[in-house]
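Protein chains: 2
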Amino acid sequence: MPTIVVEVMPKAELLDPQGKAVAGVLGRLGKTRFTSVRLGKRFELTVDGPVDEAVLAEVRELADSVLSNAVIEDVVGIHVVGADSTVGVSA
Amino acid sequence: MPTIVVEVMPKAELLDPQGKAVAGVLGRLGKTRFTSVRLGKRFELTVDGPVDEAVLAEVRELADSVLSNAVIEDVVGIHVVGADSTVGVSA
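Chains as they are written, first to last, in my numbering: chain A, 1 to 91; chain B, 101 to 191.
If you're looking for bench data, these hints aren't it; they were derived computationally from the structure.
Please note that the accuracy of each hint is not assured.
[What the hints assert, rightly or not] Residues from chain A that keep clear of chain B, each with C-beta distances beyond 12 Å, as calculated:
hint, residue
1, E13
2, L15
3, P17
4, A70
5, V71
6, I72
[Said to hold, decoys possible] No more than 30 Å apart at the CA atoms, straight line, and that leaves these computed lysine-lysine pairs for DSBU-like:
hint, chain 1, residue 1, chain 2, residue 2
7, A, K20, B, K141
8, B, K141, A, K41
9, B, K120, A, K20
10, B, K141, B, K111
11, B, K111, A, K20
12, A, K11, B, K111
13, A, K11, B, K141
14, B, K141, A, K31
Here a beta-carbon is modelled for each residue, glycine too, at the ideal position from N, C-alpha and C.
Input sequences plus hints: build the corresponding full structure.
Right, dumping it as structure tokens:
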């Protein structure tokens with residue numbers, strides 16, 4: 001069954017305490033080439049049946065309304081992995 | 101500056117309570133074509149300077165040791181976005 005991946009990140013202008021914490025760890029490990037770290041979410045939705053435009057439109061709507069909080073997050077990617085995918089995707 | 105995206109998911113065989121909770125919401129909304137939902141993490145590491153094999157090897161090591169818990173999670177993707185990327189990547 002195909003899987004649709006939805007990627008959600010905190011809005012760029014917002015403080016990202018979790019990302020800052022990870023960046024702090026990298027700094028203490030001496031990994032100073034990484035100037036910032038941001039931490040978001042990655043959903044994998046398994047779909048029963050082929051993925052067509054209608055399914056993708058439904059996922060885009062769910063991504064905005066259920067899988068992310070539009071006030072503090074952006075949906076940065078939606079793509080299909082696995083069999084039966086008939087369409088390309090952009091977030 | 102280039103950004104390296106690291107994607108981490110819970111191991112497939114493990115219970116994913118957060119994913120189950122989201123799947124429950126989709127079910128209650130009548131979105132029954134989605135048979136399962138899994139929820140993982142998406143990191144964006146901003147790199148000061150070009151991304152070459154050495155940087156990617158460093159990120160791969162950090163992905164396994166710092167950005168994920170190898171007991172319960174798998175690193176499922178590492179890819180470069182943005183300028184100055186000179187190499188392709190696979191997790």
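Quick rundown of the hints versus the structure:
1. Listed as a non-interface residue, A:E13 keeps its Cβ farther than 12 Å from every Cβ of chain B; the least gap is roughly 15 Å.
2. Taking the minimum C-beta to C-beta distance to chain B, about 15 Å, the non-interface status of A:L15 holds against the 12 Å cut.
3. At roughly 14 Å, the least C-beta separation between A:P17 and chain B is larger than 12 Å, which holds for a residue marked as non-interface.
4. For A:A70, the shortest C-beta to C-beta distance to chain B comes to about 16 Å, beyond the 12 Å cut-off, and the non-interface label holds.
5. Against the 12 Å criterion, A:V71 stays outside the reach of chain B, whose nearest CB is about 18 Å from its own CB.
6. A cut-off of 12 Å between C-beta atoms confirms that A:I72 is not in contact with chain B; the least separation is 15 Å.
7. Restraint check: the Cα-Cα separation between A:K20 and B:K141 comes to about 15 Å, which is no more than 30 Å; the hinted pair holds.
8. A C-alpha spacing of about 5 Å is found between B:K141 and A:K41, which places the hinted pair at or below 30 Å, so the restraint holds.
9. The straight-line distance between the Cα atoms of B:K120 and A:K20 is roughly 28 Å, inside the 30 Å bound, and the hint therefore holds.
10. About 12 Å separates the Cα atoms of B:K141 and B:K111, which keeps this hinted pair within 30 Å; it holds.
11. A hinted pair counts as satisfied when its Cα atoms are at most 30 Å apart, and B:K111 with A:K20 qualifies at roughly 25 Å.
12. Distance check on the hinted pair: A:K11 and B:K111 sit about 28 Å apart at the alpha-carbon level, within 30 Å; holds.
13. Note on A:K11 and B:K141: the hinted pairing holds, with a Cα-Cα distance of about 16 Å set against a maximum of 30 Å.
14. Note on B:K141 and A:K31: the hinted pairing holds, with a Cα-Cα distance of about 21 Å set against a maximum of 30 Å.
Hint compliance for this structure: no hint is broken.
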